[in-house]
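Visitor: The chain contents come next:
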Amino acid sequence: MTLKTTLSLGLAAGLMVGGAAQAQTEIEFWHAMGGQLGETVNQLVADFNASQSDYVLTPVFKGTYEETLTAAIAAFRAGEQPNIVQVFDAGAATVIGAQGATIPVQQLLSENGVEFDIEDYIAGVRYFYADSDGQMIGMPFNSSTPILYYNADALEAAGVEPPATWEEFAEVTGPALLESGIAPLAQSHLPWIFTENFFSRHNLQFASNNNGYDGTDTEIMVNHPAIRAHFQALADWQEAGLFNWYGTGWGDNQNPFEAGEVAMWLGSSGSFGGIADRVEFNFSATMLPYWESVTTEPTQTFIGGAALFAMSGFDAEENAATAAFFDYLDSVDAQVMWHTETGYVPITTAAYAAAGEQGHYEEFPAAEVGIQQLSLPAGDYTRGYRMGFYVQIRDVMNREYSRILTGEATVEEAFEIIEAEANDLLERFAQTQG
Amino acid sequence: MKRAAFGHIGFPILLLLPQLVIIAIFFYWPAAYAVQSSFYAQDMFGFTSTFVGAENYTRLIDSTNYLNALNFTVIFTVLVTFFSLGIALLLAVKADKVIRGAKTYRTLLMWVYAIAPPVAGLIGVMLFDQSRGNITQLLAFFGYEYRLGVNYWDTATAMITVSVWKQIPVNFIFFLSGLQAIPQSVREAAMIDNRSGTSRFWDITFPLLAPTGFFLLIINITYSLFDTFGIIDTIVKGEPGNNPLTLVYRVYVDGFRGGDLGGSSAQSVVLMVLVLILTIVQFRFLERRIHYT
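Heads up: the sequence lines are chains A and B, in that order. Residue numbers for the first sequence follow numbering that gives the first Met the number 0, beginning at 0 and rising by one. Residue numbers for the second sequence follow numbering that gives the first Met the number 0, beginning at 0 and rising by one.
Next comes chain B alone, as it looks inside the complex:
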């Protein structure tokens, strides 16, 4: 690569400074503070603070409850990411083929994007409500007694369904524009070489979509881990009980609701490390297999 055309090191740093300051204030400083407070037991008002070493961390490892949340978070993230990417890709491929009324289809599919997560969560709760929910009534018609907030996996299903539904439009928009960026000549050449639509998709279209897919994969994992907070909060209504919880929601429950600042900090540090590892793995191993044009 050619060296940047700056005669002096000072000027580029000056240009970067506003961004660096923002990152330092809003990310590094709070992160460092979280690491620090994860080694203390502190009362909420900040009067006393006792150094407890790694105790906040060892307690996490010993807690079956925390390991359950970790377990559920993995399942939740995998399912939400898989279904929201898969369904969006299917819809995008189909919408790409539509000739008549294409705009209407696309607009309709994108609409849901405008819904805020808590609102999506609320709509989900209404659909899955124990006594009045439409989906509950539909399932009852087929003889299944669906019990949101009572049955662990019933609640999990609602959380996953609503989260997937909320994320599909974003993925759809990206996939659709990715598809439309594939040159017509490439498509025509593929048509001549291969008659089967399915294998044409996997051999030609899918690899060309890979950069979009990789970007979306990271976005969706982050979404499942963090942005589903509002949906989960609406579904469990602040009373977790025996309902499934993700790690992020637990940080909130223990820290903000429960007042355990040290324990909650330790949890957020663990989460930070997990995301860091995940990001490194993705960029180290997965990105190598992707070809950017």
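Next up, chain A with everything else stripped away, as it sits in the complex:
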């Protein structure tokens, strides 16, 4: 072989490698999953990259949910946005309201030849990140719903079963646990569990305009007799020692449960994996209790957590790459892996069935509770809610609920303030939407 042919062969090989590299479309994915969850996200992305050779996806950890959203918006304004961004429940209205910032996932998938049928998704997952016509805008990703965890050992010692209703808790479970020497109940995230999902569980209207889905001139309807009675009950239970409140921090309330100081804790179905790793007692979970005095047919809750949005401003090839990742994410294998590793619910019925076939729920019955609760009958007001400036509205709720539970305000005063301030914020949000 002459030097010339060696060179040209080498050059040709180089060109081929270069050509192959060019054919791969690179896209970016900004997320807010730190620690163990972040590693699982990296695994998911690595599996996707290995599953095909056309696209390379790079995951980037951007901090908390709020930081990720702010970073993505700032990047969008500078024309440097990522292809995919993870947005949490309370930020959904901001992103969905900004039309043209994202490509609706349903549209993206069908444009790229991926089959999409909203009926494939678990009932409580379908509409939270959808528009008023029921078109899915964001791809549900880490989806969770509030459930009741309980310390099985403590309940057995007190001779009680986990409560199905709040009446049962107040009359039977709570007093028996208190009698046996353990604090009965704590919960994390009052706005999410005891407000948003309280309304859904009892099929009550949370906001005008079909819970806010049908427009931005929405008014919140939080000042409802049922929830006022609930918070009055909480305050009374706190007085009687049946309920403990440790502040607005999520962990502040979860830690006493894990330490065995509190027998029951209301948290996220996504907390399952972490609890299983940390506690030494036997624990299980059951559905979110409801008030029999409000409804005898409790309805489903909806998902919290976050969804993935495809940002606009990219060429067809990059959008195809995003669609391919979403398609992969919906696959049974990816969903089962994500569900069993993290405790977040699988978003499709097929993945739920597959996890069941693998015996996951025989081993961990508590892991199924969230999915069962999301699959309960729907009502008129159970698909979720859509309100702008909702992060601030949650802050107002947290502040006023704190004031109720520290005795600084009565239930009536607090709910009047929440309604007034929330409506003021909603009005301002409508202004920003032009």
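Please keep in mind that the hints were generated in silico from the structure rather than gathered at the bench. It should be emphasised that the depicted structure is a prediction, and the values quoted were computed from it without experimental measurement. Where a beta carbon is used, it is the ideal one built from N, C-alpha and C, also for glycine.
DEER-style ranges, computed between Cβ atoms:
{"id": "1", "chain 1": "A", "residue 1": "A315", "chain 2": "B", "residue 2": "Y32", "range": "34 to 40 Å"}
{"id": "2", "chain 1": "A", "residue 1": "A315", "chain 2": "B", "residue 2": "I24", "range": "35 to 41 Å"}
{"id": "3", "chain 1": "B", "residue 1": "A139", "chain 2": "A", "residue 2": "E218", "range": "42 to 48 Å"}
{"id": "4", "chain 1": "B", "residue 1": "M271", "chain 2": "A", "residue 2": "E218", "range": "30 to 36 Å"}
{"id": "5", "chain 1": "B", "residue 1": "I24", "chain 2": "A", "residue 2": "D130", "range": "40 to 46 Å"}
{"id": "6", "chain 1": "B", "residue 1": "F225", "chain 2": "A", "residue 2": "A77", "range": "24 to 30 Å"}
{"id": "7", "chain 1": "B", "residue 1": "M271", "chain 2": "A", "residue 2": "D152", "range": "53 to 59 Å"}
{"id": "8", "chain 1": "A", "residue 1": "D152", "chain 2": "B", "residue 2": "L277", "range": "57 to 63 Å"}
{"id": "9", "chain 1": "A", "residue 1": "E218", "chain 2": "B", "residue 2": "L285", "range": "47 to 53 Å"}
Covered stretches of chain B (in silico footprint by chain A; criterion: 3 or more residues with CB under 8 Å from a CB of chain A, positions within the stretch not fixed):
{"id": "10", "segment": "36-44"}
{"id": "11", "segment": "144-150"}
{"id": "12", "segment": "236-243"}
{"id": "13", "segment": "249-259"}
Fit chain B to the known structure of chain A by using the hints.
Guide: Chain B alone, transformed into the frame defined by chain A:
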């Protein structure tokens, strides 16, 4: 004053230009932008922007919540400044008198300076933690149920304590070098005139320390207003609830977390004006009473 020895106006301006450009880009431009956006309601993505006049400001005045934050900021700033200056001065005076092992004392007292604010905040949170905190347990021993994040003033106490603790070393270093700059002859003369250590301190040492003190006062007020952000953030963990907030933290909560760009801009303009007034007052009235040697 003698005129500067420049024959032409162009050359000094050229020399100043890099600094002026930096100030313009990093201060005037964003400040002007904040003033502008405080008159608009804008969606986060920047698609629409509606002129609302002074509405963002009138809403602030009407908001009891904002006035509460203003109120707390004043209390917080006064207490943090007073205690961090007072304790540092006391430590500096005492350390100045130490003869044996002076270096060790000073090093130990300066160490805390190396701790970053969020780390200081984290240490504070650990000490004040509701169930495991050492200070919480100590107070429980004396029969006080301390509840960080639940009780408004308990949370405020933690914020103030950690902020003071973090700032003492800086003040200490300045006070100590200020003390050591007082000539030995002055001290000896004072010793002859007055036997009482306390009145010697107030009559001689303190006035001589005044320039250092004045400088530190401004630094500490700025610190309390702005640099305590990390500590507050660590303590409230991004979920303010009913916990006390300072004005700066509220700008962040409403603007970055909440997405209300107009309202948050109005708040930062108010803050800018407050700091401006404060600075003018300090230099106009307080500095006149200080004698530089």
